[in-house]
Every structure is written in C-alpha cells, then in structure tokens.
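Could you slot chain B onto chain A? The hints should help.
Take a look at the letters that make up each chain.
Number of protein chains: 2
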Amino acid sequence: MSIPKTHRRVVLVRRPPGEPAESDFRVEEAPVPEPKHGEVLVKVHYLSLDPYQRGRMRDAASYASPVGLGEVMTGGVVGEVVKSEHAGFKVGDIVEDRLGWQEYAIGGGPSLRKVDPSLAPISTANGVLGMPGMTAYFGPKKCAFVKDELGFDACLDYKAEKDLDAALRAACPNGIDVYFDNVGGTITDAALRNLNFFARVALCGSISQYNATAAEMGPRLLGTFVGKRVTARGFIVTDFAQHYGPAMRQMGEWISSGKLKYREDIVDGIDKAPRAFIGLLRGENFGKLLVRLG
Amino acid sequence: MSIPKTHRRVVLVRRPPGEPAESDFRVEEAPVPEPKHGEVLVKVHYLSLDPYQRGRMRDAASYASPVGLGEVMTGGVVGEVVKSEHAGFKVGDIVEDRLGWQEYAIGGGPSLRKVDPSLAPISTANGVLGMPGMTAYFGPKKCAFVKDELGFDACLDYKAEKDLDAALRAACPNGIDVYFDNVGGTITDAALRNLNFFARVALCGSISQYNATAAEMGPRLLGTFVGKRVTARGFIVTDFAQHYGPAMRQMGEWISSGKLKYREDIVDGIDKAPRAFIGLLRGENFGKLLVRLG
Chain A
1 MSIPKTHRRV VLVRRPPGEP AESDFRVEEA PVPEPKHGEV LVKVHYLSLD
51 PYQRGRMRDA ASYASPVGLG EVMTGGVVGE VVKSEHAGFK VGDIVEDRLG
101 WQEYAIGGGP SLRKVDPSLA PISTANGVLG MPGMTAYFGP KKCAFVKDEL
151 GFDACLDYKA EKDLDAALRA ACPNGIDVYF DNVGGTITDA ALRNLNFFAR
201 VALCGSISQY NATAAEMGPR LLGTFVGKRV TARGFIVTDF AQHYGPAMRQ
251 MGEWISSGKL KYREDIVDGI DKAPRAFIGL LRGENFGKLL VRLG
Chain B
1 MSIPKTHRRV VLVRRPPGEP AESDFRVEEA PVPEPKHGEV LVKVHYLSLD
51 PYQRGRMRDA ASYASPVGLG EVMTGGVVGE VVKSEHAGFK VGDIVEDRLG
101 WQEYAIGGGP SLRKVDPSLA PISTANGVLG MPGMTAYFGP KKCAFVKDEL
151 GFDACLDYKA EKDLDAALRA ACPNGIDVYF DNVGGTITDA ALRNLNFFAR
201 VALCGSISQY NATAAEMGPR LLGTFVGKRV TARGFIVTDF AQHYGPAMRQ
251 MGEWISSGKL KYREDIVDGI DKAPRAFIGL LRGENFGKLL VRLG
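In order, the protein sequences belong to chains A and B. Position one of the first sequence corresponds to residue 1 (our numbering), numbered consecutively onward. Position one of the second sequence corresponds to residue 1 (our numbering), numbered consecutively onward.
The following block holds chain A by itself, in its conformation from the complex (with noise of 0.2 Å):
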C-alpha cells in the first residue's frame, strides 16, 4: 500500500460560546508522521462524529481534558494498520481507537484495540459495536431493557412537540420506571414530571445543553425525587471497560440475528467533518454519525 506524505487533518482553532460555526476548525494539511517503536501508522476508514466532543471544545474541567487550540480535535476511529513497529499488531489489522479528526493518525496506547471484521461491519466499532453502543448496554444496566424496549414503543420530537407533558403522559399513560436521559432540558424536565414512584433515572448524556453559553434555567425538579424515591445516577461508559468483551459479542449475536438494529449516516471526506458536527447537535443526523476517509 503506498502511503502519501502529506494528509489532513481537523485542528481546533476558536472556542465557540454556543453553537459551533465552521470558521472555528481548519482543515490543513500535515506530514504524515512515522510510528515509533511500539505504535502503529492507522489510515483511519471511519472517523466518528458524537456529542461528547462539543464539550472538549470547553476549556472547562470535565471528565477528560480539552481539545488545545491548534491541536487535532478528538474522536474515535476505525482504520487499518499501514505500518507496524508494534509487536501486538500487524499491517492489515483494523483497528479502533480515538485517535482524531484526521487522515493518518499514530496509534499504539494501551486503548487501541483490534476490531473483529467478521462479527459486523468495521463501520459499527465506532458505533453500535463501539463507545455508543457499549453506553447503550451498560447504561440501563439490564441487557432486558435493552432487548426488550428497544423496539420503541414511541418517539416525540423533543423541538416539535409543544406539549411535552402531555404528550408523554400519553405515550406512557401508566407513567414512567425507568428514564434513559440524553438529551437534558426540556424533554427531561416532562420526564421527570411523569416518573413513577421508584422511578430510576439513568443520566448519560444532555445534547440539547452542550451549546448552552452558561447553565440554561429549568424548573427545580429534584424536590420531587423525594417523595417518589427516585434514583439519579450518572455514568461514563468507560466505568465498565472491563466487560467491554462479553458486551460486544452479546451485541454481535443481537444484530446477526436481527434482534439489535443500528442505522448509520456516512459523510465522506474529512473536510466534511465540521459542518457534519455542527448538524449532530442540531440533532440533524438519523443514525450514528461516521466520516468516511480516503
């Protein structure tokens, strides 16, 4: 495989306030680097676009440190190994890791792992069969939830529906157990309303917050956690990276057999890779968001 000596990449140069404009990435071109002892060069197939990554645009302490200005904006990829000074990994290998917005990315830490061709498409490692996934399965705790519930009974737009209340009490006339919550504000605030007595609030993620120039005002609701005994816990799928392995080949058995379900959409070109975020938490995508590369 002949490797260029130049690719591109995706740096960070301007914090936003609120929603991110294009002008605060630059899409440049860099030399392509050289594995050292014990890394790995990756030609990167599939760069990942998730929430998350609106927060490492925050120069704000958080569960893990900010993109620098200047420096490659963070996120997941899948590729293939094009050079190995790595004895854990040979050329060919696909490999996932988060590596970066960018073309060619050295890989070799103790987070690169090998993805399994044959379990689903290598797209998915960033996806149903990567971090979303494994937040997915981990976060309700109950593998039964997920098979059994994610068949959706029923789906509100959160930015459509003028009455979030009542339209919830409707999809869920005998109120709600359990609240997976991703997306904050408003939506939340009806769900909240609705829970049931021992109600459990699995809180991992708050999308419609992330362009918030400073904490958005809602109505205090944690009052009524005490008389209906609900549980709030937060969680970074990380916490359970141990069972990663078993997750994985449970979720493969679940999409062989139709059971699991994922939807994917593909950008292609890395200098797509702004305006495609930019439209994630505009909540414009459908499936999980990938940036197909060379």
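No wet-lab data here; the hints were simulated from the structure. Only a predicted model underlies this, so the values are computations on that prediction, with no experimental measurement involved. Please note: incorrect hints may appear among the correct ones.
Remember, identical chains collapse to one label, so a pair may be satisfied in a single copy or spanning two.
Below, computed lysine-lysine pairings styled on DSBU-like, alpha-carbon distance capped at 35 Å [said to hold, decoys possible]:
{"#": "1", "residue 1": "LYS159", "residue 2": "LYS36"}
{"#": "2", "residue 1": "LYS272", "residue 2": "LYS261"}
{"#": "3", "residue 1": "LYS162", "residue 2": "LYS228"}
{"#": "4", "residue 1": "LYS90", "residue 2": "LYS159"}
For chain B alone, coordinates are given in the frame of chain A:
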C-alpha cells in the same frame, strides 16, 4: 385525672398559594371524643411542627394525602393515655403518633407506639428520637456519617450568604462527597456544582421550595451528574420503619453519652401553632419546633 368536656384544635380553612397566613387556620373548640373499642384517648403534651406539613396543605398528589378543608391539621404528637379501650395501652402510658394539631386525640392505629421515658425526655419522641431523627439516621445510611460528621465543621446561612458557591468552596476546599439535601433551591444548586466525582446526594426534602407558587426556576444541573457519576436518591423515612427500634436504641445511647446533641424550640399553647408553623417555614426556629399543650 379530670378530663374536660371540650378541647381546642386547629383546622385548615384555606389553602395558601404561597406563604401561609394565620388566617389559613382556625383554632376551634370541639367536644373531647370518646375512645371506642381498640382506641385510646390521648392528652397531647407536645405537638410537632415540621416542614412536610406545608405539603399537606396543598391539594396535590404526594406520598401522603392532603389535609381536607375544615379538617384538623396533621402533625405528630407525644402525649399521655388518659382513657384506654385498647388492650395494648393503659392509662398513664406515654405514646406517640401523628394525631394532629389538637389538645386531645383518639389513637389506636397501627402507628401508635409507646415512648420509653427512660430513654430521653418524652419531647424527643417527635424530634431526635422520632421522625426527624430517624430521617437523619437512615438518610446518610452510614451511622459513621451521623457520628463523625454531626460535629459540624462549618455552617452557612443560605439566605444571608451572597456567593454560596464561593462560601461552599471555602468550607469544602476538597469538594463535596456527600450532600444531604433538606433545603433545595440556591444552596442545593451551589452544592451540586461543588460535588466530587462519584459523590452521593441524599434527597430528603426542600424546605426552601415549599411555599413556592409554581416550580421555581434554577440552573439545570443534572447534566453535571454524568461526568461526575453522581448518584442522587430520594427517600422517605417510613421506608425504613422496620429498623426504627434498633436505630432509636442506638441514638438513645449516643444522646446519653453526649455523642449526639439535639436542641428543641418550645412554644406554649395550641393557639400559637399556626404562627409558629409560619415561622418554621421562614427558618425562625433553631432546634426542633414543638408546641407544648395543657
């Protein structure tokens, strides 16, 4: 003991939208009732005023039913059996139950319990050795917290402090691992912003919100629970009713040995109950608020 023909009691006559007024209550004269089979007549010595009673003045679903208009206000009392038609209680027994704001009351329900006067002064049966004490005991779950922490390292006045975030940071320079929420509102917002990774929040009550006419607005902070893996859990003390016995013995020992301190604010006369209750919601009391009768 001579029992009068009539006694005084306090009934709810109006549901206040915000802060209660004395005119929302009526002190009225009524015949002293006669106990039927399985019942006792209790001469009330102490009436307990507690923030949850504000919730019972609302015509809204809660974990307990509201007080009806014209009905005696709900509240815990400790008193003396003066007539008994109940095999389990004799004249002279000191008992405790939620028998309402009145000088004489009929008891005999499953929650009527004998108070051991040798354990501590009987007024504590509505305080440190009653519902509020049990709430504190079971809320943090670990007795070590009650033992070690209730020496209080710092105290903030959430109504007087101008910058609660800064004051909390100064008081808790290493952040907050456990937050026991009895207040809600701005102090809770500040506490939530200062939580540590894997912090726990026991949601017990939110007195600052009980007079609110609508859900008060505040910053939406559930999103911060994600990265910090916070667990928040609401509870009601009665969830632990089967464990009260050992808890009260343990706390009685701590009181005797001086490890556990308590303080009472006592108001005399049932006609003072409405004004005292209004003051309770304003935070005017210092210790456990009791009305001494007879």
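Verification of the hints:
1. For the identical chains of this complex, LYS159 and LYS36 are neighbours neither inside a copy (49 Å) nor across copies (60 Å), given an alpha-carbon limit of 35 Å.
2. Taking the closest pair of Cα atoms, LYS272 and LYS261 come within 35 Å of each other only inside a single copy of the chain (26 Å); across copies the shortest separation is 66 Å, beyond that limit.
3. In this assembly of identical chains, the alpha carbons of LYS162 and LYS228 lie at most 35 Å apart whether taken from the same copy (26 Å) or from different copies (32 Å).
4. Taking identical chains as interchangeable, the C-alpha atoms of LYS90 and LYS159 are never at most 35 Å apart, the minima being 47 Å within one chain and 65 Å between chains.
Hints 1 and 4 from the earlier list are contradicted by this structure; the remaining hints agree with it.
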